[in-house]
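*Asks:* If you read the sequence shown in the working numbering, its first letter stands for residue 57, the second for the next number, and so on.
Since the hints were made in silico from the structure, they are not lab data. Just to be clear, a hint being listed does not mean it is correct.
Listed below are the simulated DSS-like cross-link pairs for lysine-lysine, each with C-alpha atoms no more than 30 Å apart in a straight line [stated by the list, open to error]:
| hint | residue 1 | residue 2 |
| --- | --- | --- |
| 1 | K302 | K406 |
| 2 | K168 | K341 |
| 3 | K341 | K376 |
| 4 | K406 | K168 |
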Amino acid sequence: MPVATIDDGLQFFYEDSGAGQGSYLTIVFVHGSAFTAGIFNQMMPFAAEHNVRLVALNRRDYPETTPYSSEELAALSSTDNVVRERVLRETGLQFGAFLAWFIGTHSTPPIKESLNGQHEGGIAFVAWSLGHTSAAPLIARPDLLPEDQRSLLDTHLRAYCTLDAPGASFGLPPPTTYHPLTEDEVPVPDRLSRFEQWVSAYYTHSPEAMSTHDVTLLDLSPMAYPTPEDNADRAPTLFAMDPEAKAAISWPAPLATSELYLFTMPSEIVFEHTRRAILDESTAKTLPRCKFVLIWSGRGSWASVAGAWGVERLRNDYDKQGGTARPFEVIELPWANHFPHWDDPEQTVKFLASVC
Numbered sequence: 057m058p059v060a061t062i063d064d065g066l067q068f069f070y071e072d073s074g075a076g077q078g079s080y081l082t083i084v085f086v087h088g089s090a091f092t093a094g095i096f097n098q099m100m101p102f103a104a105e106h107n108v109r110l111v112a113l114n115r116r117d118y119p120e121t122t123p124y125s126s127e128e129l130a131a132l133s134s135t136d137n138v139v140r141e142r143v144l145r146e147t148g149l150q151f152g153a154f155l156a157w158f159i160g161t162h163s164t165p166p167i168k169e170s171l172n173g174q175h176e177g178g179i180a181f182v183a184w185s186l187g188h189t190s191a192a193p194l195i196a197r198p199d200l201l202p203e204d205q206r207s208l209l210d211t212h213l214r215a216y217c218t219l220d221a222p223g224a225s226f227g228l229p230p231p232t233t234y235h236p237l238t239e240d241e242v243p244v245p246d247r248l249s250r251f252e253q254w255v256s257a258y259y260t261h262s263p264e265a266m267s268t269h270d271v272t273l274l275d276l277s278p279m280a281y282p283t284p285e286d287n288a289d290r291a292p293t294l295f296a297m298d299p300e301a302k303a304a305i306s307w308p309a310p311l312a313t314s315e316l317y318l319f320t321m322p323s324e325i326v327f328e329h330t331r332r333a334i335l336d337e338s339t340a341k342t343l344p345r346c347k348f349v350l351i352w353s354g355r356g357s358w359a360s361v362a363g364a365w366g367v368e369r370l371r372n373d374y375d376k377q378g379g380t381a382r383p384f385e386v387i388e389l390p391w392a393n394h395f396p397h398w399d400d401p402e403q404t405v406k407f408l409a410s411v412c
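Please model the complete structure; the sequences and the hints are all you need to start from.
*Replies:* So this is what it looks like as structure tokens:
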């Protein structure tokens, strides 16, 4: 299996669909918590047909990628916010080092404007779910990338995309304190099953909420999500998934260490990355051809829906004041839950190729 060795011997395991034809688009995926890069495997067979190259890498603390050192873990869990922000920032910039390595190693096509004004070639970086928390510094602090890496990304990185990322990964307060992993009245052994049900169900949000993007109109009650038995049209992804396939792509070990520290990263640290990424004119001067695309699933849980609407509202308020931050788009995947890449892989490949 391919492994990229970058700065100071740091290694990233990755999976690669292979090169396309001509000025093809390369889409690089970063996974969320408790799943490896294998969560994107369902899309790989459709890459050639749509002339895109799909690359999925394992984050730190996941198989065959360099784990966090004891010093880094201590910093991630420090009570000193300056220390925590530093190691989080370093983690995000390491994705930039990977992209530069991949461009140089595989000679991926640079961004090219076609005769009809559309972009061809280049790279779109897609951070799914809570993967955005660790990746955000890449687009929030690109000025801190080494000059050689920054130069490569300037000619290649055309989009930074979040895929159904929850509000917490943007540093936004949740609309409710409820979470299935912290239900006091539910025995601890039963919480994981409830979480899997909650995070991978298909929801039908109220038409009024969907038309107004008013978070207060979302149903936030603890059991406001379909069970495997009563789901009207599609079963929750993690219940429908083949058990062997699920076991092969699951990696829960970091939930007790690095992922826990990312979950509990102070919101002010995380929000500062959001501010710099989409609400700051000076940041936009670095990698100016790279747009920020926020993709949210119309049938996902309230955690991601509310997060998307919250970020959308922030940017709308900024734009009304005449701000000139990085180009920004909010796009709904109306048919999708939190796992579109698994449940509808070809449709997701086509969608991402069209919006990135």
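*Asks:* Take the hints in turn and mark each one as holding or not.
*Replies:* Now for the hints, and whether the structure bears them out:
Restraint check for K302 and K406: the C-alpha separation of about 24 Å stays at or below 30 Å, so the hint holds. Taking the CA atoms of K168 and K341, the gap is near 19 Å; set against the 30 Å cutoff, the hint holds. Among the hinted pairs, K341 with K376 is consistent with the structure: their alpha-carbon atoms are about 20 Å apart, no more than 30 Å. For the proposed pair K406 and K168, the alpha carbon gap of about 19 Å is at most 30 Å, so the pair holds.
Of the numbered hints given earlier, the model fails none.
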